[in-house]
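Between the sequences and the hints, there should be enough to build the whole structure, so can you do that?
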Amino acid sequence: MTTKPIGRQMSGTAIYLLLGLGGLVSIAPYLMTLNAAFKPQSTLLSTQAWTPAVPATWSNFTQLWQQYDMSGFIVHTALVAVAITVGQLVFTTLAAYAFARLEFPGREPLFWLFIAMMMVPQIVTLIPLFLIMSHLNLVDTYRALILPYVFGTPYGIFLVRQYFQTIPADLEAAARIDGAGTWTILRRIMIPLGRPILATLATITFVNTWNSLLWPLMATSSERDEVVTVGISALQGQFASQLHILLPAAAVALLPLIVIFLLFQRHIVRSIALTGLK
Amino acid sequence: MRPTVEAYLLIAPSLFGFLAFLVAPVVIVFVLSLFSWNLITSPQFVGLANYRRMFADPQVWHAMLNTAYYVVLNIPAQTVLALLLALALNRKLRGAKFFRVVFVLPWMAMPVALGVIWNWFFDPRSGIIDHIFSVFGLTGPNWLTSSTWAMPVIASVNVWQYTGYTMLFLLAGLQAIPQTVYEAAAIDGATGPQRFFRITLPLLRPALFFVLVTNIIGSFQQFDTVYVMTQGGPGQSTTTMNYYIYQQAFQLFHAGYAATLSILLFAVILLVTLVQFRYFRKRTIYDFS
Numbered sequence: 001m002t003t004k005p006i007g008r009q010m011s012g013t014a015i016y017l018l019l020g021l022g023g024l025v026s027i028a029p030y031l032m033t034l035n036a037a038f039k040p041q042s043t044l045l046s047t048q049a050w051t052p053a054v055p056a057t058w059s060n061f062t063q064l065w066q067q068y069d070m071s072g073f074i075v076h077t078a079l080v081a082v083a084i085t086v087g088q089l090v091f092t093t094l095a096a097y098a099f100a101r102l103e104f105p106g107r108e109p110l111f112w113l114f115i116a117m118m119m120v121p122q123i124v125t126l127i128p129l130f131l132i133m134s135h136l137n138l139v140d141t142y143r144a145l146i147l148p149y150v151f152g153t154p155y156g157i158f159l160v161r162q163y164f165q166t167i168p169a170d171l172e173a174a175a176r177i178d179g180a181g182t183w184t185i186l187r188r189i190m191i192p193l194g195r196p197i198l199a200t201l202a203t204i205t206f207v208n209t210w211n212s213l214l215w216p217l218m219a220t221s222s223e224r225d226e227v228v229t230v231g232i233s234a235l236q237g238q239f240a241s242q243l244h245i246l247l248p249a250a251a252v253a254l255l256p257l258i259v260i261f262l263l264f265q266r267h268i269v270r271s272i273a274l275t276g277l278k
Numbered sequence: 279m280r281p282t283v284e285a286y287l288l289i290a291p292s293l294f295g296f297l298a299f300l301v302a303p304v305v306i307v308f309v310l311s312l313f314s315w316n317l318i319t320s321p322q323f324v325g326l327a328n329y330r331r332m333f334a335d336p337q338v339w340h341a342m343l344n345t346a347y348y349v350v351l352n353i354p355a356q357t358v359l360a361l362l363l364a365l366a367l368n369r370k371l372r373g374a375k376f377f378r379v380v381f382v383l384p385w386m387a388m389p390v391a392l393g394v395i396w397n398w399f400f401d402p403r404s405g406i407i408d409h410i411f412s413v414f415g416l417t418g419p420n421w422l423t424s425s426t427w428a429m430p431v432i433a434s435v436n437v438w439q440y441t442g443y444t445m446l447f448l449l450a451g452l453q454a455i456p457q458t459v460y461e462a463a464a465i466d467g468a469t470g471p472q473r474f475f476r477i478t479l480p481l482l483r484p485a486l487f488f489v490l491v492t493n494i495i496g497s498f499q500q501f502d503t504v505y506v507m508t509q510g511g512p513g514q515s516t517t518t519m520n521y522y523i524y525q526q527a528f529q530l531f532h533a534g535y536a537a538t539l540s541i542l543l544f545a546v547i548l549l550v551t552l553v554q555f556r557y558f559r560k561r562t563i564y565d566f567s
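Chains as they are written, first to last, in this note's numbering: chain A, 1 to 278; chain B, 279 to 567.
It should be emphasised that the hints constitute simulated quantities derived from the structure, not laboratory data. This one's a predicted model, so the numbers in the text were calculated from it and none came from an experiment. Errors might be hidden in some of the hints.
What the hints assert, rightly or not - Below, in silico cross-link-like pairs of lysine to any residue (SDA-like), each with a Cα-Cα straight-line distance of 25 Å or less: (1) B:370 to B:476; (2) B:375 to A:30; (3) B:370 to A:267; (4) B:370 to B:468; (5) B:370 to B:472; (6) B:375 to B:481; (7) B:375 to A:176; (8) B:375 to B:472; (9) B:370 to A:24; (10) B:370 to B:473; (11) B:370 to A:30; (12) B:375 to A:113; (13) B:375 to A:140; (14) B:375 to A:256; (15) B:375 to B:456; (16) B:375 to A:18.
Rendered as structure tokens:
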């Protein structure tokens, strides 16, 4: 049995090789983009595109900001993403609690209707949404971007309801005996104990909104409310080969999400482990 | 306040959003598919003309085949890679947490920004892919202007983005398998491959089912990467169904026809999902509640 430890060690090395390679492939595009964003235009299109950006230059960013309303794009996107995220957190928490804990006529059929609608592809709703928004005269406004998603999604309600169901019912019963109403139970029990899943929902919602292209592309047409995805795709259309403009823009669009992810990754990884199998 | 009233008040906002922006659009899309509408003037009732047109439109089948091709390139590669990484991370390893976070990082990336970055990577003059090829004395094809390579490139972008995310679900599945099952198998003298095919894989079915269903539904809706990297080209080689629907609705202003096409896409996604439910139900207890 003396061969066994060696065999184990070798497979350990192989595993680290696999993980190391996977990790490198995962983060290399981020690092290369960040590096390239700080390189002068002349070296970007040459064969030296991969060397480190020494000395680094801010000129690409100043040029991007001079030619484009990047601050505007980012502010619009952040406004829309924050509004939708806050709305979803509030309304999803309320609905998920009702579906998880309260008895009311029609609860089961309503819940299953919600679940069934998870299967509807986004494209099916987009043309009618455009129709609804143009009837309400909301096309090309923030409201058009926010309204369809601010009240929550079936997926979010499902996710949070599953989690609320794991919170011991005794806790709630005891609070009810002490005279606590639904609002107090939500504020004092469900929301504090549900923090991991709410952090996950917030991150998923923020990421999806920040990254979404198709609906903003349809719903906006002027620069005054364009979001960063639409802005970058317009940049790509105009400056297809102007990497010194495009790469800094891509870097700026990616960074906020990475920060959010690193802040919340503990919750996300854990709650996916909890809900992923059900 | 009576509990029933209270419950309805709690679900009221979500229910309103659900009815107004999800259920109503689904109803409207069916109605709209019977109309001809250019998004501006009032819609004209045309009966089933859009459906007849759809079945005679060779580009529909082309876009559907492209979509299927994309799914076939993307899903097996992504799932196998994710499974390998999950198996590696399921052992007691130093740095496992670090790798978990690193692998999930691509999931966050904005597809539009990614498109820009990957366009650069696959650029024949300054891209790193051709640079790597040249180190080995090879010359790459013009990836994105080649109708053969454009779709595999788009699929590989997606594999890069979602492998880590898929891995997380599979890892959760692996960690839910009780260790005692393996101990019992070891006593019975099961070999490594036997353990994998007889224990790990069957017990991983619920997690596999979940990632396959959700990833396939997502892949059928590919739009962003195509929009930024190839605009459906070269020729029609990367025109997916979603992109074709977008073109019909918002570039050619055939909103009624686009509604009909989105019903077709919906029907196909539903069919594929139902087939998976049937297939997996055989040996899986799928607990939704």
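Structure-inconsistent hints, enumerated in ascending order: 7, 8, 11, 12, 13
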